[in-house]
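Peer 1: Spelled out, the chains give:
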Amino acid sequence: MNEPVVVRQCVDGPMLVRGADVVLDDQGNEHRVTRPVVAVCTCGKSQRKPWCDATHKVIPR
Amino acid sequence: MQVPHARGPLSAWVRDVLVGVDPGHAPDVPEDALTGNEDAQLALWMTYELHYRGFDDVSPDAEWDLGILALRRQLERRFEEQLRAVTASAEVPLDTDVGEVLLDLAQSADGPSIALRLQRDATVDQMRDYLSQRSIVQLKESDPHSFVLGRLDGAAKVALAELQYDEYGGGRPGRLHAALYAQALRAAGLDPQYGAYIEQASAVTLASVNVMSMFAFNRRLRGASMGHLAIFEATSSLPCRRISRGLERLGFPEDVRAYFDEHVEADAVHEHVVAHDICGCMVAAEPDLRDDVLFGALVCLHMDDLVACDFLQRWDSDLQVAS
Ligand code: FES
Ligand SMILES: [Fe+2]
Ligand SMILES: [Fe+2]
Numbered sequence: 266m267n268e269p270v271v272v273r274q275c276v277d278g279p280m281l282v283r284g285a286d287v288v289l290d291d292q293g294n295e296h297r298v299t300r301p302v303v304a305v306c307t308c309g310k311s312q313r314k315p316w317c318d319a320t321h322k323v324i325p326r
Numbered sequence: 012m013q014v015p016h017a018r019g020p021l022s023a024w025v026r027d028v029l030v031g032v033d034p035g036h037a038p039d040v041p042e043d044a045l046t047g048n049e050d051a052q053l054a055l056w057m058t059y060e061l062h063y064r065g066f067d068d069v070s071p072d073a074e075w076d077l078g079i080l081a082l083r084r085q086l087e088r089r090f091e092e093q094l095r096a097v098t099a100s101a102e103v104p105l106d107t108d109v110g111e112v113l114l115d116l117a118q119s120a121d122g123p124s125i126a127l128r129l130q131r132d133a134t135v136d137q138m139r140d141y142l143s144q145r146s147i148v149q150l151k152e153s154d155p156h157s158f159v160l161g162r163l164d165g166a167a168k169v170a171l172a173e174l175q176y177d178e179y180g181g182g183r184p185g186r187l188h189a190a191l192y193a194q195a196l197r198a199a200g201l202d203p204q205y206g207a208y209i210e211q212a213s214a215v216t217l218a219s220v221n222v223m224s225m226f227a228f229n230r231r232l233r234g235a236s237m238g239h240l241a242i243f244e245a246t247s248s249l250p251c252r253r254i255s256r257g258l259e260r261l262g263f264p265e266d267v268r269a270y271f272d273e274h275v276e277a278d279a280v281h282e283h284v285v286a287h288d289i290c291g292c293m294v295a296a297e298p299d300l301r302d303d304v305l306f307g308a309l310v311c312l313h314m315d316d317l318v319a320c321d322f323l324q325r326w327d328s329d330l331q332v333a334s
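As given, the protein sequences belong to chains A and B, one line each in that order. The first sequence stops at residue 326 when you use our numbering, and every number in between is there. The second sequence stops at residue 334 when you use our numbering, and every number in between is there.
Any given hint could be a false lead.
[Said to hold, decoys possible] Taking lysine to any residue pairs in the SDA-like style, the calculated list, with each CA pair at most 25 Å apart, reads:
(1) A:K310 x A:N267
(2) A:K322 x B:D115
(3) A:K314 x A:R273
(4) A:K310 x B:Y205
(5) A:K314 x A:Q274
(6) B:K151 x B:G206
(7) A:K310 x B:E111
(8) B:K151 x B:Y205
(9) B:K168 x A:N267
(10) A:K322 x B:A319
(11) A:K322 x B:E259
(12) B:K168 x A:V270
(13) B:K151 x B:Y208
(14) A:K310 x B:R256
(15) A:K322 x B:A269
(16) A:K310 x B:D202
[What the hints assert, rightly or not] Chain A is faced by these chain B residues, among others (derived, beta-carbon under 7 Å):
(17) Y176
(18) G181
(19) V275
(20) E276
Just so you know, these hints were derived from the structure itself, not from any lab. Backbone N, C-alpha and C fix where the C-beta goes; we use that ideal spot for every residue, glycine too.
Let's have the full structure, built from the sequences with the hints guiding it.
Peer 2: If you want it as structure tokens, here you go:
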């Protein structure tokens, strides 16, 4: 498949990633993608990093 | 599943048709609010259930029985009218982007939180009550929305298919969300069978699943179906985390928490997919659907409040009886 990986930044939220196989976290650990789309935390506060767990909604900005 | 016992004249009439007893004339649909009317909601639920899994010893032809369909039309008309009336004066954030409006609406939900109660101080029995009532919705999780798929086109259809693929396990039968819920029930010592708790289901529990079926089975209401779904997904991730913590506090096994842990992560993705990729694309393709998308969203918020109040009232009156 030659479909490109598409990444979209959500307003005040995570990055939606389509088409990736592996996401590396800030320690360099590999996380396999098992869903058609994943949300990667960009606020730094998720407790399930690298994935967004909606914590960004409750942190004051 | 057995045909449930009647709870009044409407459900008795539907039950009679289903079990092959002469039902006589269909009773009139009451004028007052249907959301809290367990007889009307159970009758409506039975008519919808014929399209999902059906009932033991009931002919599959009952699905298109004209008497049942005629009663359903009346119940739906009244129910929809009432839902439109209660949501008519709600304030909707002004934003041209319908996806952002939906996420803002979900964020602004300020009703009573059942998840907070489950996290902090619900008892084991209350948690079990919660798990068994929600089984009426969760054991057919995502099934209503599959009926909408064939009514969409283009980008919105692709996004709904993508969402459903994840809800339906992403190619792994063990990850089917409804199966994860059944596993949670089993691990909690509850009955995982589809429909096991229908006799205990409250009027509001039934109403909360009936709105999903009503929106999904009427092509006209496809916008409402997807707007409802957007709020459903966008008010799930944080509450599921709270419920998972409540389960941990009460010492429920890991397999009960797995369903909720999965939804912390999955619904943090799904809310964006439904708000922007499904609803946004749907409204871009059919701008007239915007009002119904918002109607569905407001109905979901309204039902969430009713569901929370329903549990809290039941539990707090138990407390009074006990003390
Ligand atoms: S972006 Fe959602 S938790 Fe960080
Ligand atoms: Fe799910
Ligand atoms: Fe979901």
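Peer 1: Now tell me if each hint is right for this structure.
Peer 2: Taking the hints in turn, this is what the structure says about them:
1. A:K310 x A:N267: Cα-Cα ~34 Å, so violated.
2. A:K322 x B:D115: Holds, because 11 Å separates the two Cα atoms, which is no more than 25 Å.
3. A:K314 x A:R273: Holds: K314 (chain A) and R273 (chain A) sit about 18 Å apart, inside 25 Å.
4. A:K310 x B:Y205: 38 Å, violated
5. A:K314 x A:Q274: 16 Å, holds
6. B:K151 x B:G206: 10 Å, holds
7. A:K310 x B:E111: Judged against 25 Å, a Cα distance of about 22 Å means the pair holds.
8. B:K151 x B:Y205: Satisfied, since the Cα-Cα distance of roughly 8 Å is no more than 25 Å.
9. B:K168 x A:N267: 22 Å, holds
10. A:K322 x B:A319: 21 Å, holds
11. A:K322 x B:E259: Between K322 (chain A) and E259 (chain B) the Cα gap is close to 23 Å, so the pair holds against 25 Å.
12. B:K168 x A:V270: OK: K168 (chain B) and V270 (chain A) at ~20 Å, within 25 Å.
13. B:K151 x B:Y208: 13 Å, holds
14. A:K310 x B:R256: 18 Å, holds
15. A:K322 x B:A269: Since the Cα atoms of K322 (chain A) and A269 (chain B) sit roughly 22 Å apart, the hinted pair holds (cutoff 25 Å).
16. A:K310 x B:D202: Between K310 (chain A) and D202 (chain B) the Cα gap is close to 37 Å, so the pair fails against 25 Å, i.e. violated.
17. Y176: Given a least distance of 6 Å, the restraint on Y176 (chain B) holds.
18. G181: 6 Å, holds
19. V275: 5 Å, holds
20. E276: 5 Å, holds
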